[in-house]
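Since each chain comes alone in its own frame, lean on the hints to assemble the complex.
Chains as they are written, first to last, in this note's numbering: chain A, 46 to 621; chain B, 118 to 988.
Mixed in with the good hints there might be a few duds.
[Unchecked claim] Here are the computed lysine to any residue pairs in the SDA-like style, where the Cα-Cα straight-line distance is at most 20 Å:
1) B/Lys509 / A/Gly264
2) B/Lys527 / A/Thr261
3) B/Lys527 / A/Ala234
4) B/Lys527 / A/Val359
5) B/Lys527 / A/Gln458
6) B/Lys509 / A/Asp227
7) B/Lys129 / B/Gln589
8) B/Lys527 / B/Asp806
9) B/Lys509 / A/Ala262
10) B/Lys509 / B/Gly411
11) B/Lys509 / A/Gly260
12) B/Lys129 / B/Thr159
13) B/Lys509 / A/Thr261
14) B/Lys527 / A/Asp227
15) B/Lys527 / A/Glu242
16) B/Lys527 / A/Leu205
It should be emphasised that the hints constitute simulated quantities derived from the structure, not laboratory data.
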Amino acid sequence: MMIFDVLRLAGDRAAVVRYLVLLVVSAAVRAGAVLTLVPLLGALFSAGPGAAAGWIALLAALVAAGWAADRAVAAAGFAIGFELLSGMEARVVDRLQRIPLGWFTAGRRAEAQRALTSSGRELCQGVAHLLTPVAGALITPPLIGAGLLLVAWPLGLVALAAAPVLLGAMWASGRCLRAADDAYTAASAEAGQRVIELAQAQPALRAAGRTGVRGTAVGRALDRQRSAALRLIGFSLPGQVLFGLATQAALLGLVATAVVLGVTGELGGAQVVALVIVAVRFAEPFATLAELSPAMEALRGTLTRVRSVLDAPVLGADAPAPVVPDPGAPALELRDVRFGHEPGRDVLAGVSFTVERGTTTAIVGPSGAGKSTLLALVARFHEAREGSVLVAGHDVRRYDPAALMGGLGIVFQDVYLFDASLYDNVRLGDPDAPDERVREAASAARLDEVIERLPDGWDTRVGERGAALSGGERQRVSIARALLKDAPLLLLDEATAALDAANERAVVAALESAAGRRATVVVAHRLSTIARADQVVFLEDGRVAEAGAPAELLARGGRFAAYWRQREQAAAWTLA
Amino acid sequence: MASRGYAGAMMKTFGAVEHTLTVAAVDDVTPHYRRITFDAPTLFDGQPIEPASWVRLWVPDPRRPGREHQRGYTLLDPDPETRRVSIEFLIHEPAGPASAWAAQAGTGDTVQVTRWASGHFAPPDPAPDGYLLVGDAASLPGINAILAALPDTAEVRVHLERHQEHDTLIPVTPHPRATVTWQPATGDPAALADAIEERDWSNWYAWVTAESAATKHVRARLKDLGFPRGDAKARAYWIRGQAMGTGRDHTPGEETPTTGTTRNHPATPTAAGAPAGASAGRAGSGGSAAASAGWRSRAGARLLAPLRGRLLLAGAFQAVVSLVQLAPYLLLVELCRRLLTAGPQAEGLAGLGVGALALMGGGAALAGLLVAAMHVLDARFGHRVRADVVGKLARLPLGWFTERSSGRVKQAVQDDAESVHYLVTHAVLDVVAALVAPLAVLVYLFTVSPALAAVLLAPLLAYLVMSARMVQASAAELAGFTVWERRVGAEAVSYVDGLTVVRAYDAGPAGGFRALLGERARFLERWQRPLVRRRTAVDLVTRPLTSLLLIVVAGAPMAAGGLLATADLLPFLLLGATFGSQLLAAAFGLGSVRDALAAARRIGLLLVEPELPEPRLPRPLPGAAGRTVRFEGVGFGYDARRPVLSGVDLEFAPGTVTALVGPSGAGKSTLAALLARFHDVDAGRITVDGVDLRELSQAELHRTVGFVFQDVSLLRASVHDNIALARPNASREEVERVARAAHVHDRIARLPDGYDTVLGERARLSGGEAQRLTIARALLADAPVLVLDEATAFADPESEHLVQRAISELVAGRTVVVIAHRLHTITGADAIVVLDGGRVVQRGTHETLLAAPGLYRDLWQAAAAPLETLT
Ligand SMILES: Cc1cc2nc3c(=O)[nH]c(=O)nc-3n(C[C@H](O)[C@H](O)[C@H](O)COP(=O)(O)OP(=O)(O)OC[C@H]3O[C@@H](n4cnc5c(N)ncnc54)[C@H](O)[C@@H]3O)c2cc1C
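The following block holds chain B by itself, in its conformation from the complex (with noise of 0.2 Å):
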C-alpha cells in the first residue's frame, strides 16, 4: 500500500470504503481537455451519484514512487447498467500529479477512488428564480453536469474564468436559459469576482466553484450582494502555485472561511499589486446584509427574528441553571475531602448538607421560573404566528387555494406550528442543558487533573471513530433504506385503501406486497446483522462502568506514582463517568432544532407568497341593479410561456345567460375563475360596470361576484350561519326564505336542532343537500354577477331536480355565466360562447350555432344521446 500520509491514514480510520477504477477508454476533447471513462464495478453500490458528485482520487506521486496523492475530481454520466462512468480532466501547466497521471492514462491503468466525505449538487427546495454559477475549466465537468440537471425554466448565468488559451473550446453544456461567459485570467484574484454585476440577486442560488483565492473574492462579493450563507455554496477547486493537496490544506477543497475582508487575506500573493480600493467601494455599494431580507431561503430566520434575542437569552439562562444544579456535586465533591482528611467527625458536614439542599431548591426555582417564561414566551409567539398566517390568507388570490395549499396551510398552522413550539419550549433549553453540563465538567476535571480528564476522553474518541465507520459501512445501505421506506410506503398506502379490491381479487398485488415486505425485512436484516457486533461495541464503549473503570486504572497507578493527589480521584468518581454519554445526547437535542427550524422556513415561506394587489384607492361602482361585464382583450396562462386564455372579448349582460363551452382543456373554468377574480389578468382587464376588477375593494368585488361551484366547502357551523356567511347580520326570517328558495328547509327541519344545528360530525348533509345550501349561501348574497359551474346541477343523481329546481330560483334576475358540460342543459341560455384552446371560436344561440357547421354542432352531435325512457 502506497503512502498516503496523514489525510490518509484518518480517512481509514474513519472507515473510508475505496473502490478500483480501470481506464475503458480515453478521449482527447481537446488539447488540454480529456475525458476518461472508467469501468467501476464497485462504485455504483454505494450512495447514488447525484450531478456534480464528486470522488477523492488517489494518485501517484511523479517523483516519489510509492506515494501518493489525493484530489477531487468529479463524476460524470454514471450508467449503472454498464458500470462505467466518466472523468474530465484538464491537463494544466504546470501540471501536478492528477493532471500529469491523467496526461498518460492509457486503457487497463487503475486508479483508486474514494466517495468519504465527498458531496453534489443539490437542488435546494424551494427552487430559486436563479442560478449562478461560478468557475473555470476545472470546475466545468460538475457545472456542465449541473446545467444538464436544471429545469428547462430557470435562468442561469455561467461566469467562467480562462486560465489557458483553449479553456474555451471546451464544450459547455446547452441549456435554453443559459447565458455563459468567459473571461480571462487577469492574476487579479478579485477579477472573477468583479464581473458579477450589481442587481437584484434575490432567491438566486450560487455555485462557486473556482481557483481557492478567486473563490474567496467571488464569496465575499456575494456576501455583499446578499446571498444568504445557505444559498451560496463555494468550494475552492484549486490552489494557483500550489499543489492542491500537500501542505495545510491536506484535503480537497476545504470551505473557504466566510467572514473577513478578503483582500487583505495573506494566502493570496498576487492580490498585493491590485488596488486596494476596490473592495471597499465594492461592499459598500452592495447594500449588504439587508439586501437578504427578500430572500425566500430567509424567511425562517425573519419569522423567528423577533424570537432570536429572547432565545439566546433563555440559553443563556439555562447554561446558568445547568451550573447550578451541578454545584451539589461539587459540595459532595467537597464533602468527600473533607472525610477523608478529617474522617466522619470533620466538621461543616451538616452545612454542606444544607448548602446542597439550598442549591437543589435554587436550581428547581430557576429552572422552572424558565419553563414557565418559555411557555409565556411560545404562546404569544403561536398565538400571533397563527394570526399572520389568517391575515395572509386574506389577502392572496382566491385562486392560489388549491388543494396543495390547503395542504401547506394545514401543515403551517399544525405540525409547523408545533415543531416550533416544541423548539422554545423544550429544545433550545434541552440542547443547552445537554451541552453545557458536560462541558462545565470536563472543564473543571481538566483544571483538576490533565492527564487523567485526556484518559476520559478516550471512549468518547473511540465512539466517534466506530460510529463514523458505521455510518461509512453503511451508506449504500442507507441509501437503499430511503428507496424502500418510499416503495413500501406507497404501497401499504395503497393496499390498505385498495383493501375491497385486494379481497376481490385475492393473489395479485396482495400476494406481491407480500413478497415486497419479505424482501424488505431480509434487506433490513442483511444490513444490520454484520452491524450488530459493532454497534454492541459501540454501546458498551460508553458504559458508565468503563469510564470508571478507566479512571480507576488510570488512576491509581497516577495516586501511586505521586503524580496525582489520591483526593483528586474524587471528582472524576463523581462527576467524570457520565458525562460522555451526556454530550451524545445533546445530539439528539439538535435534531429537534433542525426540524423546527426547516418548519419555521415552511411557516415562513406561506407568508410570503405573492399577494393580490388591493387598490389603494378603490373605486365604487356606480348605483346600479344589474351589472354588465366585460372582457376586453383578457389573455392569462398559469406559467408565462403556456396561455390559457389569449384576446378573449365578451360582454356578460344583466338578467342574461351566458354558457361557456368548449373541450376539456378549452379554458371555460379559467374564464370564470377570472372573472371572481381568482389570478389577474396577465393581460387586457375585466370591467363590471365599467371599473376594473382590480380597482374594487375585496368585499365590493365579492358582494358583486359570486359563485357557486362543484365542491362545497360547508363550516363546522350552525346551520344558520352557514347561510348567513356572507351576510352575518341576516335575520332568520331572511335565512329561511332562501333555505326554501332553494329547497333545503325540509331538511333542515329535519335535523336534530333545525338551523341551530351545527354542522359536522353529528350532522352530515348528502351532497345534494350540501349543494342546496351553498345555493341558498348565494341566494342570501344576492350577488348580482353570478358564475355557476352546471355539473353542481348533478352533484347527487338522487336529488338532482331539487338542486335544479333551486338553481333556476338562483339565476334568475342575474348576470349569469355559466361552465357547461352537458349541452343539452343550456340550449335556452341567452347566449352560448364557444371555447377552444383558449379563444372564442363561436358565439350565438343554440339554434344559431346548430345552424352553422363549427366546433358547436360536433360537440352537440358527438353528445347526442337519445333519452332513453319505458314504455
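Bound conformation, chain A alone (with noise of 0.2 Å):
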C-alpha cells in the first residue's frame, strides 16, 4: 500500500501511529454521522421535524466531533509532512554522496535532480492533502456498511460488497487510463525523435529530395503514431466510463435492496427513504477518491523516485576502521583489474600496473580502450568487479572514502564547474588555502590571463556548467583547483585540443613541479606527454598490451611504436 510506503519515510513512528489511529477515529465518526441519518431522516419523514430534532441535535454534535477530529488528523498529517519536508532532501544528498557514479544513467541523473529539487514538498504536500482525505475515504465506506448490518443486514452486505467491486473498477479504470496514457507517450515520443532527427539531416534529405513525410521514415513512423493514437480507445473507453458506471449500478443495486427491504414489509417507507438517502452518502467517497487518483498517481512518481536514491547501492567501507595512507608503498597499484559497465562486456579484463612514489605514469590507447574508466576506478567512481586498486598500499574500498578523495587531484575529461564566481571554484580545490596560494595556483594553470581579461575578474560567474567560459579556460579552472589541492596522486585526463601549444607547455611545467612529490597518472593523447612519461602503459582492449619506458617500448616496434608513427603522421598531415 502506498500509504505505509510514503509513511514508512517518516522517521517519527510515535507520530505515524498517532496518524493512522486518528484517522480511523476520524472515519468512525464520519461513518456514524452518516448512519446517524437513517433514524433522523426517518422521524423527519414519518412524524415531521419536531420528532427529529433530537436527532438532527446528534447530527449536529456528530459533525462537530468530525471536525475536531479532522483538525487533529490534519496536524498529525501535517507534522509528518513538515518532517518529511525538512528531513528528506538532505537524506537523498547523503545517499547521492555515497552511490557509484555507474549508477547513473541519463534518466536515473533526473530523476535524481527531481528528487532533490522538489520530493520534501511534493510528499509533504502529498501526506497533507492526499493521504488523509484518501484513506478516510477509504476506511469511511466499509464502516457505513458494518454499521448497516445493524439496521437493515441485507443492506449491509451489498454495501461490503459494493465497496471492492467499486475500488476494482476504480482500479480497473486508473490502470486502462495509465495504460492509454503510456502507449500514447511511446508512440509520440518515437514519432518526436524521428522529427528530430529530420531536422537535424536536413541538409542531406533535402539533397536526396526526401524532406516530406510521404514515403520516409518520419512519415511512417508519424503513421504509426497515428495508428497507436486510434488504438487508444481500447484503453480509454473502459478508462473513463467504467468506474461511473460501476458506481451508479452499485447505488442502483443498493437503492433496490432497500426498496426490497420495503416492500417485503420488513421497513416503513420513510425509512426506506433513508437508507436510500444513506446509500448515496455511502457512494460519495468514491467519486472522492476517482478524483484524487492522478494526484496520488503523481505522488507514486515523487516516492519511486526518492526509494530509487534511496535504495540504489552505495560505496561501502570494507574495514571496520578505515585505514591510513601508507608512506611507504607505491602511489598506484592495480592487480588484475576487471571491471564493465553491463555484465559480460568487461571495459578492463584484467589490468596490472604500478605507479611509483613521484612518476608519471601515460596511459595511451586506442578510443575505447578503457583509459578513463580506469581513472573512474581509482577515484572509485566505480568499484572493481574482481582484482584491486591499491592506494598508498590499500585497497581503495578499505578507505573512508573521504579520506581516499582527499589524497587525489584530479583533472578530468568533463570538467565541471559551479555556478559560482571563478574564486569560489578555485578556491574549492582547499577550501582553508590562503588568498596568496589561490592566486599562485591559478596563475601556475595559466588562469591569471584570463582572470585579467574578465571584466569582473576574480568574481566573474561562470554560469550554469561555466557556460560563461570557453572550453580550455575550463580546463584551467580545473588544473587551478588541482594544483591548489595538491593530492599525492594526480589523475588527468587530457582533453583534447582544450589549451593551445603555448599554454600547455606552462600548465605541463606547473604540473611537474611538484614532480617527486607527487605521482601523476595521465591519459594521455599529446605526444610531447608521452613522451615525458617515466612510464607508458598502453591499453588495448582493456589489457594492457605493452608498458615499460616511452623510449624502450618505441625502440620494441610493437604496438605503441605503431601508434606513435600513426601520431607523428597525423601531426604533420596537411590538407591538399
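Dropping the structure here:
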C-alpha cells in the first residue's frame, strides 16, 4: 500500500501511529454521522421535523466532533509532512554522495535531480492533502457498511460487497487510463525522435528531395503514431466510462435492496427513503477517490524517485576501521582489475601495473580501450568487479571515502564548474588556503590571464556549467583547482585540444614542478606528454598490451611504436 | 479606521494587505506634476515591484472627514535597499481627493496603500515587433517605467493626450527607438483613437491607459486595426468630469468592455457633438478581425481553428451526456417521493428502476461514443500537426537549426503535441462535465426551494473568501517560492551533474547545497505552518457532511414552518451535498486547458517562423563538371545592426582548395554557412557558375554544395541508409566503395549486421568513426562544391589519421572551402583567405602571405609550436 510506503519514509514512529489512529477515529465519526441519518430522516419524514430534533442535535454533535477529529488528523498529517519536508532532501543528498557513479544513467540523473528539487515538498503535500482524504475515503464506506448491518443487514451486506467492487472498477479504470497515456507517450516520443532526427539531417535529405512525409521514415513514424493514437480508444473507453458505470450500478443495487426491504414489509416508507439517502452518501467517497487518483499517481512518481535513490547501492567501507595511507607503498597499484559497465562486457579485462611515488605514468591507447574508466576506478567512481585498486598501499575499498578523495587530485575531461564565481570554483581545491596560494595556483594553471581579460576578474560568475568560459578556460580552472589541492596522486585526463601549445607547455611545467612529491597518472593524447612520462601503459581492448619507458617501447617496435608513428604522421598532415 | 465604503469592506474581506507609506521627500517636477518619495518599510516584503506596478492609495476626503477614497497610482523606482519608492502625482484641475492630498503633502505625512488585485506591465512573449503606448499625463509615470524597461532594439510609439498646458513639460524617459507625440485634448473622446494611424500593426503590442472614454475609443480602434485581444491592454486611468472612485466604478480602472461600437456609449456626454460618420468609416477601412490573421500571438488560435467547431460541438454533446447521467438521480428523487406518499407498496417503483437502468446504459453509451469520436478527431489532428511541422522544417533556412531551435522542435512534437492531445481527448470534456452537472443541480434546487438553495451557497462563498484571503496572505511567499524553486532547481542540476567534482572536493558546494536545501525547507515551513489551520478550515467547510447538516438544520425548521414541503428536502439530501466540491474540481480542469492553449501557441509559433524563399522558377545549373563559386559584395549579419560579414568578394575555382583563416569571431564559419545557404545574404550575392544561390531549387543547391562539419548527425537507421542518405537509390557496391575510401569499411564489417546494422543503442560508433561515416556520405553525395570544417579531422585523437586520410580522399577534384583552425594543416592550400572583423584582409598562398607582414604572419608565429618528438 502506497500510504504505508510514504509513511515509512517518516522517521517518527509515534507520530505515524498517532496519525493512523486519528484517521480511523475520524472515519468512524464520519460513518457515525452518516448512519445517524437513518433514524433522523426516518423521524423527519414519518413524524415531522419536531420528532427529529433530537437526532438533528446528535448529527450536529457528530459533525462537530468530525471537524475536531479532522483537525487533529490534519495537524498530525502536517506534522509528518513537515518532518519529511525538512529531512527528505538532505537524506537524498547523503545517499547521492555514496552511490557509485556508474549507477547514474541519464534517466536516473534526471530522477535524482527531481528528487532533490521537489521530493520534500511533494511528499509533505502528499501526506497533508492527499493521504488524509484518500485514507478517509477508503475507511469510511466499509464502516458505513458495517453500521448498516445493524440497521438492515441485507443492505449492509450489499454495501460491504459493493466496496471492493467499486475499488476494483476504479483500479481498472486507472490502469486503463495509465496504459493509454503510456502508449501515447511512447508513440509520441518515437515520432518526436524521428522529427528531431529529420531536423538534424535536413541538408542531406534536402539534397535527396526527401524532406516530406510521403514514403520516408518520418512519414512511417507519423503513421504509426496515428494508429497508436487510434488504438488508445481500446484503453481510454473503459478507462473513462467503467468507474462511473460501476458507481451508478452499485447505487442502483443498494437502492433496489432498500426498496425490496420496504416491499417485503420489513421497513416503512420513510425508513426506506432514509436508507436510499444513506446509500448515496455511501457511494460519495468513491467519487472523491476517483478525483484524487491522478494526484495519487503523481505522488507515486515522487515516491518511486525518492526510493530509487534511497535504495540505490552505495560504496561501503569494507574495513571495520578505515585505513591510513602507507607512506612507503607505491602511489598506485592495480592488480588484475576487471570491470564492465554491463555484465558480460568487460571494459577492463585484467589490468595490472604499478605507479611509483613521484613518477608519471601515461595511459595510452585507441578510443574505447578503457582509459578513462581506469581513472574512474581509482577515484572509486565505480567499483572494480574483480581484482583490486591500491592507493598508497591499501585497497580503495578500505578507505573512508572522504579520506581517499583527500589524497587525490582530479582533472577529468568533462570539467565541471559550479555556477559561482571563478574564485569560489578554484577555492574548492582547498577551502582553507590563503588567498595567496589561490592566486599562485591560478597563475600556474595560466588562469591569471583569463582573469585579467574578464571584466569582473576573479568575481566573474562562470554561469551554468561554466558556460561563460571556453573549453580551454574551463580546463584551466579545473587544473588550478587540482594544483591548489596538491594531493599526492594526480589523475589527469588530457582534454583534447583544450589548450593551445604555448599554454600547454606552461601548465605541464606547473604540474611537473611538484614531481618527486607527487605521482601522476595521465590519460595522454599529446605526443609531448607521452614522451615525458616515466612509464607508458598501452591499453588495448581492456588489457595492457605493452608497458615500459617510452623510449624503450618505441625501440621495441610493437603496438605502441605503431601508434606513435601514426600520431606523428597525423600531426604533420596537411590538407591538399 | 476611516470609512472606506463598500469597496474597502470587500477588499478587507478578501484579505487585502495594507502598507503605510511615509512621505520622505517632495519634488515639484513641473508646476502641476509632483514626485513624492516615500519610506515604505513593509511594501517590499510582498510580491516584486515590476515596471508600471500600481497600488490603490487611500486618500482622505477633503470635504467629509473620516471618509477615504481609493485611487490608483503607479509605483516608481523601487529601492529594496533603502525601502523607498516614489509616486508621481498629476495635480489636475478640477482636483479630486488624491491630487488634493498630493498638492499639500509634506514630509512625514502618511498614506495607506494596498497592492490588492493590482497589476503591472508584463513584456509579452515572444517579443512583439513594436510597442504602442497610449495615454496622457496621468499615465506617463507608468509609460516612463515601461520605456525604461523595454529593450533598446524595440520600436516604440508613444501617443499622449495633453489635457493641461504644462503636460508637455513632464519628462519622458528617453528611448533610442521611440517616437513621442503629444496632441491637445479637443474634447472629442475619439481624438486620441483617430490619431492612431492606419498601417500594418501586425505583432505590435499596445498599452492603453488614458481617460475612460478615450480608452474605450482607442480600444475599439485597435480592434479595428486588427489587434488581437491579448495584445492590446487597455485600462482607464481616470474619468472626465467624474471622480474615479465613486459611483458605479468603485474600483479604479475597471477594464472597459471590449465589444460594441463605442460611439453610442452613453457614458461619454461629449461624444454627442462629434461627427457621427467618423467611426463607421474607420471600422470599414481597418480590415477588421481578418487583419489579425498574421499575428504571431494568434498562432495558437489559428492552429486550433479547425478543431474549434468540433470541440464546441463535443462540449455541447458532453453537456447532454452529463445531464443524462444526472437523470437517474432525479428518478431517485421521484422514487423517494412516492415511497413517502404511498409507502413501500407504491406503484411504478419497478418502472422507475428500469428507467434508471436504461438511462444509465444510455448515458454510458453516449459517453463512450463521445470518447471514441474525440480520439478519432485527435488522432487525425495530431497527425496533421506533426506532418505540418515536418513540412515546415523542410522550408526553414538551415541556419535556423541551432541547438535551441531543435529544442523547440522537440518540445512542439512531443510535449506540446501531448498537451493538445490531452485537451482534445480529456480536458474539454472534463471541464464541461465538471461545470454542467453541478450547475444543473443548482438550478434544479433553486426551482425546488430558492431559500434552501441559497443556504447551500454559503459554504461555497465561505470557501471563496477564505481561499482568496489565503492567497493574499501568501502573496509574498509565492514570489519567494518561484525564486527558491529556480535556485534549488539550478543547483540540483549542477550538483548531480558535477557529482565527480563534488566528491573530489568534498565540502564546498556540497555543504553549500545542503545548507541551501535546509534553508529552502525552512522557508517552506515558515510559509505553510501558519496556513495549516486555515487550510483545514477550508477543507471542512466544503465537506459534504457540512452541507448535509446545513440542509437538515435549515430545512427542518423551514418544513416545520410550512415554507417547504418535507418531501422537497429530498432533492437537497440526494443531490445538494456534493455539488460544491464538484464545482471546485472544474477549476483544476481549466488549468490543463490553459496549458494546452499555451502549447498550441508554441506549435503555432513554430509554424509561422520565416521560411527560406524558394524561387518560383528555379534556374538549372549549366551542365559542367567543376563549379565556380563567387561572392560578390556579400554582406550579412544575424541582426541588422551588427554585420558579421561585409563587402566580401571572393572566387573559389574548381579543383582548388581555399582555406578561410582568421581569429575566432572573424566570420569564417558564417561565410562557409552562407555558401550552403544556411542564411540568405543581406547584401550582394553568391553565385555558382553564375547562378544566384537563391535561384536554385533546394534539391539542386544541396546536390551542388555539400558540407562536412564537426558535429555529426547519424540517424537511427542502418549504416547503409545513413551513408546513402543523399542518394537513397545507391547500390551496396557504391556504398561499400565510399566506405572503403573513407576508411570506415573495416569498422562497419565488424558491426553485428555489417551494413545493415541499425545505429543507435546497440551499435555505437566512436567520434572518429562517426566522422568517417559522414565523410563516406559526402563522398557518395559527390557534391562538386564542398565546405569543410578542418576541426573535423581532429575530433578523435586516436583515429585522427584515418579521418585525415578520408578527408584527403574527399577533397580531391572538388571546389573546396575549408574553415581552418590549425594553420599548419592548410599550408598547401591553393589559396588562403584571411578574415578579420567580417572583412577579407589578406589573400594569397602560404608562402606569399608569410613573406609579408600582416595578420597571417602574426597568427602563424603565435601558433608555431615545434613538434616535439622523441629521441
Ligand atoms: C492603475 C492606475 C495607475 C495610475 N497611476 C497614476 C500615477 O502614477 N500618477 C497620476 O497622476 N495618476 C495616476 N492614475 C490616475 C489617477 O488615479 C486618476 O487621475 C484619479 O482620478 C485621480 O484621483 P483624484 O482623487 O485626484 O480625482 P477624482 O476624484 O478621481 O476626480 C476628480 C475630478 O478630477 C478629474 N480628473 C481626474 N484625473 C484627471 C486627470 N488625470 N486629468 C484631468 N482631470 C482629471 C476628474 O474628471 C474629476 O472631474 C492612475 C490610475 C490608474 C487606474
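Quick rundown of the hints versus the structure:
1. B/Lys509 / A/Gly264: holds, 14 Å
2. B/Lys527 / A/Thr261: Since the Cα atoms of B/Lys527 and A/Thr261 sit roughly 19 Å apart, the hinted pair holds (cutoff 20 Å).
3. B/Lys527 / A/Ala234: Holds: B/Lys527 and A/Ala234 sit about 9 Å apart, inside 20 Å.
4. B/Lys527 / A/Val359: The hint is violated at about 35 Å.
5. B/Lys527 / A/Gln458: With a Cα-Cα distance of about 29 Å, the restraint between B/Lys527 and A/Gln458 is violated, given a limit of 20 Å.
6. B/Lys509 / A/Asp227: violated, 28 Å
7. B/Lys129 / B/Gln589: Status holds; Cα separation ~10 Å.
8. B/Lys527 / B/Asp806: violated, 38 Å
9. B/Lys509 / A/Ala262: holds, 17 Å
10. B/Lys509 / B/Gly411: The hint holds at about 17 Å.
11. B/Lys509 / A/Gly260: Between B/Lys509 and A/Gly260 the Cα gap is close to 17 Å, so the pair holds against 20 Å.
12. B/Lys129 / B/Thr159: The hint holds at about 18 Å.
13. B/Lys509 / A/Thr261: Given that 20 Å is the threshold and the Cα spacing comes to 15 Å, the pair holds.
14. B/Lys527 / A/Asp227: holds, 18 Å
15. B/Lys527 / A/Glu242: Given pair B/Lys527, A/Glu242 holds - Cα atoms ~10 Å apart, limit 20 Å.
16. B/Lys527 / A/Leu205: violated, 50 Å
The structure shown violates the earlier hints numbered 4, 5, 6, 8, 16.
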